[in-house]
Amino acid sequence: MLEITNLHASIEDDGTEILKGINLSVAAGEVHAIMGPNGSGKSTLASVLAGRGGYDITQGSVSFQGEDLLDMDPDVRAREGLFLAFQYPVELPGVNMATFLRHAVNSIREHRGQDELSAVDFLKLMKEKAAFVNLDPSLRSRAVNEGFSGGEKKRNEIFQLAMLEPKLAVLDETDSGLDIDALRVVSDGVNQLRAADRSFVVITHYQRLLEYIVPDHVHVLMGGRIVKSGGAELAHKLEEHGYDWIKDEAVVA
Amino acid sequence: MSATGTEYLNEVAASDYEWGFVTDVESDTVPKGLSEDVIRLISSKKSEPRWLLDWRLKAYAHFEKILAERGFPTWAHLDYPEVDFQNISYYSAPNSKPKYESLDEVDPKLLETFERLGIPVTEQKMLAGVAVDIVMDSVSVATTFKDELAKKGVIFCSFGEAVEKHPDLVRKYMGSVVPHTDNLYAALNSAVFTDGSFAYIPKGVRCPMELSTYFRINAAGTGQFERTLIIAEEDAYVSYLEGCTAPRRDENQLHAAVVEIVAHKGAEVKYSTVQNWYPGDAQGKGGVFNFVTKRGICEGDDSKISWTQLETGSAVTWKYPSVILKGDRSVGEFYSVAFTKGKQQADTGTKMIHLGQDTSSTIISKGISAGNSQNSYRGLVKINPKASGARNFSQCDSMLLGDRCGAHTFPYLEIGHPTAKVEHEATTSKVGEDQIFYCQQRGISEVDAIKLIVNGFCKEILSKLPMEFAVEAQKLLAIELEGSVG
Amino acid sequence: MSERQTIESRLLETWESRAGSAMNGRLHDGRELAMARFREAGIPAKSEAWKYTPIRRILERMPLLSLGAAAEGDTLSAADVAAFAIDGLDAFRVVLVNGRFRADLSDLAGLPAGVRILDLRNAASDPAVVEHLDGTGQEARDAFAELNSAFVQDGMVVVVDAGIVLERPVFIQHVLTAGSPALIQPRLLGVFGKDSQARIVEVCRTIGQDHVLTNAMSEFHTATGAVIDHVRVIDEHKDAVHINSLRSYQEGGSTFSTNVITVSAGVVRNQSYFLPDGENCETHLSGFYLGQNGAHIDNHTLVDHAKPECYSNELFKGILSNKAIGVFNGKVLVRQDAQKINAYQSNKSVILDDTARMYSKPELEIYADDVRCSHGATTGELDQEAMFYLQTRGIRKDDARLILLEAFAADVLDRIRLDAVRDHVDALIRRRLSQN
Numbered sequence: 001m002l003e004i005t006n007l008h009a010s011i012e013d014d015g016t017e018i019l020k021g022i023n024l025s026v027a028a029g030e031v032h033a034i035m036g037p038n039g040s041g042k043s044t045l046a047s048v049l050a051g052r053g054g055y056d057i058t059q060g061s062v063s064f065q066g067e068d069l070l071d072m073d074p075d076v077r078a079r080e081g082l083f084l085a086f087q088y089p090v091e092l093p094g095v096n097m098a099t100f101l102r103h104a105v106n107s108i109r110e111h112r113g114q115d116e117l118s119a120v121d122f123l124k125l126m127k128e129k130a131a132f133v134n135l136d137p138s139l140r141s142r143a144v145n146e147g148f149s150g151g152e153k154k155r156n157e158i159f160q161l162a163m164l165e166p167k168l169a170v171l172d173e174t175d176s177g178l179d180i181d182a183l184r185v186v187s188d189g190v191n192q193l194r195a196a197d198r199s200f201v202v203i204t205h206y207q208r209l210l211e212y213i214v215p216d217h218v219h220v221l222m223g224g225r226i227v228k229s230g231g232a233e234l235a236h237k238l239e240e241h242g243y244d245w246i247k248d249e250a251v252v253a
Numbered sequence: 001m002s003a004t005g006t007e008y009l010n011e012v013a014a015s016d017y018e019w020g021f022v023t024d025v026e027s028d029t030v031p032k033g034l035s036e037d038v039i040r041l042i043s044s045k046k047s048e049p050r051w052l053l054d055w056r057l058k059a060y061a062h063f064e065k066i067l068a069e070r071g072f073p074t075w076a077h078l079d080y081p082e083v084d085f086q087n088i089s090y091y092s093a094p095n096s097k098p099k100y101e102s103l104d105e106v107d108p109k110l111l112e113t114f115e116r117l118g119i120p121v122t123e124q125k126m127l128a129g130v131a132v133d134i135v136m137d138s139v140s141v142a143t144t145f146k147d148e149l150a151k152k153g154v155i156f157c158s159f160g161e162a163v164e165k166h167p168d169l170v171r172k173y174m175g176s177v178v179p180h181t182d183n184l185y186a187a188l189n190s191a192v193f194t195d196g197s198f199a200y201i202p203k204g205v206r207c208p209m210e211l212s213t214y215f216r217i218n219a220a221g222t223g224q225f226e227r228t229l230i231i232a233e234e235d236a237y238v239s240y241l242e243g244c245t246a247p248r249r250d251e252n253q254l255h256a257a258v259v260e261i262v263a264h265k266g267a268e269v270k271y272s273t274v275q276n277w278y279p280g281d282a283q284g285k286g287g288v289f290n291f292v293t294k295r296g297i298c299e300g301d302d303s304k305i306s307w308t309q310l311e312t313g314s315a316v317t318w319k320y321p322s323v324i325l326k327g328d329r330s331v332g333e334f335y336s337v338a339f340t341k342g343k344q345q346a347d348t349g350t351k352m353i354h355l356g357q358d359t360s361s362t363i364i365s366k367g368i369s370a371g372n373s374q375n376s377y378r379g380l381v382k383i384n385p386k387a388s389g390a391r392n393f394s395q396c397d398s399m400l401l402g403d404r405c406g407a408h409t410f411p412y413l414e415i416g417h418p419t420a421k422v423e424h425e426a427t428t429s430k431v432g433e434d435q436i437f438y439c440q441q442r443g444i445s446e447v448d449a450i451k452l453i454v455n456g457f458c459k460e461i462l463s464k465l466p467m468e469f470a471v472e473a474q475k476l477l478a479i480e481l482e483g484s485v486g
Numbered sequence: 001m002s003e004r005q006t007i008e009s010r011l012l013e014t015w016e017s018r019a020g021s022a023m024n025g026r027l028h029d030g031r032e033l034a035m036a037r038f039r040e041a042g043i044p045a046k047s048e049a050w051k052y053t054p055i056r057r058i059l060e061r062m063p064l065l066s067l068g069a070a071a072e073g074d075t076l077s078a079a080d081v082a083a084f085a086i087d088g089l090d091a092f093r094v095v096l097v098n099g100r101f102r103a104d105l106s107d108l109a110g111l112p113a114g115v116r117i118l119d120l121r122n123a124a125s126d127p128a129v130v131e132h133l134d135g136t137g138q139e140a141r142d143a144f145a146e147l148n149s150a151f152v153q154d155g156m157v158v159v160v161d162a163g164i165v166l167e168r169p170v171f172i173q174h175v176l177t178a179g180s181p182a183l184i185q186p187r188l189l190g191v192f193g194k195d196s197q198a199r200i201v202e203v204c205r206t207i208g209q210d211h212v213l214t215n216a217m218s219e220f221h222t223a224t225g226a227v228i229d230h231v232r233v234i235d236e237h238k239d240a241v242h243i244n245s246l247r248s249y250q251e252g253g254s255t256f257s258t259n260v261i262t263v264s265a266g267v268v269r270n271q272s273y274f275l276p277d278g279e280n281c282e283t284h285l286s287g288f289y290l291g292q293n294g295a296h297i298d299n300h301t302l303v304d305h306a307k308p309e310c311y312s313n314e315l316f317k318g319i320l321s322n323k324a325i326g327v328f329n330g331k332v333l334v335r336q337d338a339q340k341i342n343a344y345q346s347n348k349s350v351i352l353d354d355t356a357r358m359y360s361k362p363e364l365e366i367y368a369d370d371v372r373c374s375h376g377a378t379t380g381e382l383d384q385e386a387m388f389y390l391q392t393r394g395i396r397k398d399d400a401r402l403i404l405l406e407a408f409a410a411d412v413l414d415r416i417r418l419d420a421v422r423d424h425v426d427a428l429i430r431r432r433l434s435q436n
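Chains as they are written, first to last, in our numbering: chain A, 1 to 253; chain B, 1 to 486; chain C, 1 to 436.
Hints are supplied without guarantee of correctness; some may be wrong.
Subject to a maximum C-alpha distance of 30 Å in a straight line, what follows is the list of computed DSS-like cross-link-like pairs (lysine-lysine) [what the hints assert, rightly or not]:
hint : chain 1 : residue 1 : chain 2 : residue 2
1    : B       : LYS459    : C       : LYS340
2    : C       : LYS46     : B       : LYS351
3    : B       : LYS386    : B       : LYS270
4    : B       : LYS326    : C       : LYS46
Just so you know, the hints here were simulated from the structure itself, not pulled from any lab data.
Could you put together the complete structure from these sequences and hints?
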């Protein structure tokens, strides 16, 4: 599904290297958690995968379903099936959810050689998926993320994930700023979307989210590199002992 | 922004004008030039009464005086050559017949013109609930649904017909809101206006359909000088819409209109404009000079006047639809989207003059500039010393598409009463990179993302247009944005 | 002969009678040029820039018999000047009486090396004057700036060399005796070297009650990395007209802050031009106006963003009552290619009764697309809910009003970084508000 090889990325403006040789392999249906302290490069990795501007890829490669991901425009990546749940979802004043998502769904359907959804079918789909994350169906007439509470914004991201049915979903700190109830709703939504042909990369600072979304693999990202990988139990260890022991281990290594 | 995005914005800036064709009809056009004789000629062609000719001549004398003493108004953020008033023909009527008794008499070529512009004229094809007065060059060629309106006592006809059939109303109100002394172009219009629309809504009547006037400049070398007068008696309601287009021509054509609205006690008038005069080509050649004076007076208590405009055309726009809030608790509104591209220049906004007590006004203006265009909001909020409890809220947002255009905001707030509450906010921004990226991440192309975001930016205003036209307006904006892409 | 000719021609006569005196060399040439430009421009009769301050009519009404002549022969003592001191302000003191430097009343002892505070009369050949006086900023020229340059003679030069951090502020006291009608045209030139830091405080006061016109002009040149803070307090009597032109030029990476506090009873026009002429400049401009009893206070600003990546923040607030007129006209101009500008502008006024007026014109003129600019303006009465709330807590109405007005003024006054000056201004405003 996703094959990241020796990926180096730096900030375009000042050349600061953030990712210093990431290697990661995600197979279909797997859930990988990427954990790490602040400033370790987690969100940069998400941004680079989705194709956000402002970064230079200086080395390495990323292949997605066998194709060169880094060569694609951000919208092509999305149409190929890569979804990013934003840490800070963007507000689009005056652009209503229905219009926005119809554009999105139909762009992706067209790319997959499917017919456009009729207005009726589309609204039906929206209603069905909104229920997934407890979003009020009236949201379709609201502007994208405008005036949404923090929790609503995050739920809206998962709702869009459900609408767009990607192959690979990258969740960037989806748990940040969520209270326990909202966290449960979001996690339930994600769990329902887990499928044999759909993979997840869950980026988080805390182990809390992984109580609900149980990962197959856990990786620790520090200083722009993956310094340790393991199973779900690694997350628990991090919760108990923090990141310092790995830092020490890494130094020793 | 990526190369595609930039390229797209360039294309937007250069996109074409779809309404630029010319209708080949015979027309009766007076020779170019402006003089008392020309005014007498116009007046006699229209078989006008003496009082109207005198009124015109008085206005003309004033026009000459302003021109000599003060010259052209220069305070707007506009740069255009002085108009040569002698190089314009002041009267042009398609066909020699000055008046039509019914639609059947109208030259089919004319009807076809309006069909092509998307304005259905024959009543069976009409949008239900919209009566249309159609003005081509100097004369009204057709007014639909007149009989049905007459049943309710609503008068909707060409200005010329109103002069003939309702002279008392015309004499009472013409020039009462925009006096001929108001400004250079209002004086010119008062002297040479040839036709326009007239609407009168009697006491307590809710006009059963939208009234609409469609203005079309067709003949070359002419100017268009129409007058509109709308009177809403006590507790009356009317929604009125004007649209306008002109053929593509290399010379600049002058459009100097006057619109007057009077709203009596408890009356409400909603006036919407979709302005799409020929803007000139990408190099700034040709295009309409749109110098328009629009003003309404909330004469009675609890009355309301609302202006909504979508301005996409004209080479130069100089236009400030205003409301004089004379009645207590009267309400004035101004909602505007101005889109400029190529070498267009727009200086547009409003004046809200608060005279009565507890009056309120709202101004929402959205300016979008592309290409090499200049787009300015200019607005006055004036709270008279006797206007206690006045409220105003103004919001003026500008969006820049490309780095060769300008977006400007010039508000004037003149506050003379301590209980006034006046708030003005303005922002200038571009389409955010983060917004584009967010859309792209959902599979939407960069070009579509820009369109979505710009549309969202204007939404608040477009939703104020009457339903039948909101769709048209959105389409127009889409075409404007479309350029040669998509 | 029309009125228009009389004001200008009277000024010209005075100018000619004084030509050749005192000044020489470059200054002299500059004065010739400025006078020619002044004659061409003339005192504005009707212009957009003076829309709400009919300066020509105001000047025509003044019985300026000796228009053009500076008041002479003051006998002010140190004790007279001490009355205008700011408590607790430890500063180098400069006293100008009727625009003229009075060394005997000033105190410049202990001025560190690399800092020069000079009387302009004796500084015509100082390199800072040669290089910077009237050096740049043709965009900001107007009749009054030209007039000041045409007569330039009185005033001060403050030079802080590169790398010098001037700990003690420079306190400039302008005292007008106003014993007879006069025209005073002081000039201030501040030249601040690379990475230098300085704070300038000016206070303008009048003693007498006769008609007096001040046509002041200040120029500040702030080099890369320098951080300069400026405050000007104008507190003059009802027959004083004060035109105060400021031009600020900044090199990249510098910070310039200015705050003008106007509590005069007469006519004041503060017109300021800011040119952040390099990347990463910070410009803070603010002002407070307290207009009472027929005062007319006009604040006019232009921030000219010609270079990218700069930040400007403008805040003007005022309180108006009893036939006072307030005017604010602020323009933020972002020129083409001046990308990534962050510019904020805000004007807020409180009107206390129905005889006062406020005219506000906050403008944005933007020619670059990648910018964040916003402005806001509000005018209204005191929040009646808040008044009521305070009253329900047992606070008397007058006190409640004062509390709210002081709170309203606080964020502008907080921009004054010198505590002694802030306290002084605070007390001054409180005193004036409670007198009313």
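Mind listing which of the numbered hints don't hold for this structure, in increasing order?
none
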